[in-house]
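The listed protein sequences correspond, in order, to chains Y and P.
The numbering of the first sequence is my numbering, which starts it at 1 and goes up by one.
The numbering of the second sequence is my numbering, which starts it at 1001 and goes up by one.
Bear in mind the hints are in silico, worked out from the structure with no lab data behind them.
Among the clues, some could well be false.
As the list claims (entries may be wrong) - Stretches of chain P that chain Y covers, calculated by requiring three or more beta carbons in the stretch to come under 8 Å of a beta carbon on chain Y: (1) 1216-1222; (2) 1320-1327.
As the list claims (entries may be wrong) - One-sided and incomplete, this derived list gives chain Y residues near chain P with beta-carbon spacing under 8 Å: (3) Gln29; (4) Thr33; (5) Asp35; (6) Ser42.
Positions of the beta carbon are idealized from the N, C-alpha and C atoms, including for glycine.
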Amino acid sequence: MADNEIFDLDSFDFGEFDSLDTGVNVRRQPVQTPDVSNIVTSLKKRAMIVIFIIDISGSMKGARIGAVNDAIRNVLPELKKREKGNTSAEIKVAIMEFSNNAHWRTLMPEPVSTFRYVDIIDVYGGTNYGKAFEKLNEKLSADQFMSSTAGAYTPLIVFMTDGKPSDMGLYRETLDELKQNKWFRYSTRVGQRRLQKSADGIHR
Amino acid sequence: MPTLQNGSQLPLVDGRNIRITGFIDEGGQGEVYRVEMDGEPYALKWYSKITPSEAFYKNILHNIHMGAPADYFLWPLALTDKVGERFGYIMKLRPANYRKYSEFLTGEARFASWDTLFVAALNITDGFMKLHSLGYSYQDLNEGSFFIDPENGDLLICDNDNVAPFGVNLGVKGMPKYMAPEVVTDRTRPNTHSDRYSLAVILFRLFYIDHPLEGRYTVQFPLTDANGARLFGEEPLFVYDPKDKSNRPLPGAHENVIRRWPMFPPDLTAAFTKAFTDGLKNIDSRITELQWLDVLIRARGMLVRLDGREQFVNGYQPETVPDGCRLLRTDEQIIAVAPDTVLYQCQTDCTSTDYHTPSGCVRASVSDPNVYGLGNLSDHTWIVTLPGKDPVRVPPKKFAPLLPGTIISFGNVTGKVF
Chain Y
1 MADNEIFDLD SFDFGEFDSL DTGVNVRRQP VQTPDVSNIV TSLKKRAMIV
51 IFIIDISGSM KGARIGAVND AIRNVLPELK KREKGNTSAE IKVAIMEFSN
101 NAHWRTLMPE PVSTFRYVDI IDVYGGTNYG KAFEKLNEKL SADQFMSSTA
151 GAYTPLIVFM TDGKPSDMGL YRETLDELKQ NKWFRYSTRV GQRRLQKSAD
201 GIHR
Chain P
1001 MPTLQNGSQL PLVDGRNIRI TGFIDEGGQG EVYRVEMDGE PYALKWYSKI
1051 TPSEAFYKNI LHNIHMGAPA DYFLWPLALT DKVGERFGYI MKLRPANYRK
1101 YSEFLTGEAR FASWDTLFVA ALNITDGFMK LHSLGYSYQD LNEGSFFIDP
1151 ENGDLLICDN DNVAPFGVNL GVKGMPKYMA PEVVTDRTRP NTHSDRYSLA
1201 VILFRLFYID HPLEGRYTVQ FPLTDANGAR LFGEEPLFVY DPKDKSNRPL
1251 PGAHENVIRR WPMFPPDLTA AFTKAFTDGL KNIDSRITEL QWLDVLIRAR
1301 GMLVRLDGRE QFVNGYQPET VPDGCRLLRT DEQIIAVAPD TVLYQCQTDC
1351 TSTDYHTPSG CVRASVSDPN VYGLGNLSDH TWIVTLPGKD PVRVPPKKFA
1401 PLLPGTIISF GNVTGKVF
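Input sequences plus hints: build the corresponding full structure.
As structure tokens, this is what we get:
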């Protein structure tokens, strides 16, 4: 390169030119260009919400809840890996437990990059699908879990249960309501269960 | 889990052997290993997760024989024999000073200067110009295709395994949001034209971070396959479409493009507007690499350093030119100059697109910093005419004064100082 040549040029002076005429005739200054090293770069990604719905009824005791805890611990680093370096999706995690009742462990979906999973230990009660569907329906809306300034991907809903619904006959009504929810219709649904004779029609 | 053992040997189709010396990374198609070939370290891309077709294998072999279109390409250098259905190709290792393109979007990597960003954009454009000029297309341009040195804009283009001659596609379609609308909607397989769309997205995000088609309209829709096909294929709408404001960037969601759109010089915004309005669906309106080089060179010419700070100048509005800055208007460009501005061959020779080699350099006079001179770094003499004076010769390493009204003939380009 010509570094040396540029350096050589420094030894010249321009004394022979009229130093009074700078030739600049400024009327207004432009907007200052921010420095490249501190201009804010905040890429807002579309949210991708991963919802785990976990059966914590009494029958899940022991190996079954152990398998759930293990599965979630295994999937989280995979989700983190997929999110890192990707400029399109911010993966967020939400977890619901249900038995006689249902409640969200996460008040809002939490970024997978900082999410910390705490093993489920206490399991008790029945398997009330209806409560789970009702709680899910509440949160599947643009002003709840699906709120995201930069838009969202369709949610991924993972439903993990081992048994028959104890609210057999009642849960279908809440399931029908849930099916009216557009986010639910758009969602990718995965069902995991140990017994085969239940949860018909919940997953594709 | 790496599928190849450290220390194991693999035969190449040309009869040589390589030895696995380490695991580097894995991706969607397979793994990358550090290997030794002829006693030198190289990288091996090993297709452990997919089984590419025989045509794909033969195409890589063909590309190896063709050789890299330019130094930017981490090109396949050698191919392994097949082990069962598995195989891989050898390429150069990526030095540690190169960062992923996507890291510049997430803010994990930053350019040393705005000028460096322009050099990176010019390099990307130059790379694809050279590839396309040979009759080949890349077919899968996406945010994982590039590595850039943030200090100087040096570029590496990786994943060259889908590069194929005109009319050939080996199955790849591309990455969502980087695919051309006609590829999204399956009207065509990737080709040179769709490369040019993807290149425009890559360049846009390098400058503006956010996506050119993601605005207040698109964010309302959950990105299902059907919505994706509509928003990025059937009915794409540029965020700054001059005729349709309905998809403008949304404050809070697309702050980067909101902040940067008015900041860069007008040539750049005009080119992106064309690329993402007329050029969205009409391949004849896509911006060619040569056109991009021209645009980028013009826009870079409006970047000056004043008081140690970089400033974009709108040379089309001389009344906004800041103190201490002059304009040099040539036949085809308006160049903002200030002390230490470097002119390149592409600015003083109309037949050149060389944006690396300096041809001139502005200096303030030692005795009076308000007086500027343009040093001749070219290898031939300039003819300089001061207002009301006779032309004088300015040989290499001598200075032309940058007084208003001065006319400088660089050879096939003439410029006037304002």
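Closer than 8 Å between Cβ atoms is the bar; does Y:Thr33 clear it against chain P? Give me holds or violated.
-> Holds. Min distance 5 Å.
Given Y:Gln29 was flagged as interface, is its beta-carbon under 8 Å from a beta-carbon of chain P?
-> It holds, given that the least Cβ distance between Y:Gln29 and chain P is near 5 Å, below 8 Å.
Given as covered by chain Y, does the segment 1320-1327 of chain P meet the bar of three residues or more with CB within less than 8 Å?
-> holds (count 7)
Should the interface hint for Y:Ser42 be scored as holding, given a Cβ-Cβ cut-off of 8 Å against chain P?
-> Holds, about 6 Å.
Can Y:Asp35 be said to touch chain P, with a Cβ gap under 8 Å?
-> Holds, about 7 Å.
Would you say the segment 1216-1222 of chain P counts as covered by chain Y, given the rule of at least 3 residues with C-beta under 8 Å?
-> holds (count 5)
The structure is consistent with each of the numbered hints, conforming to all of them.
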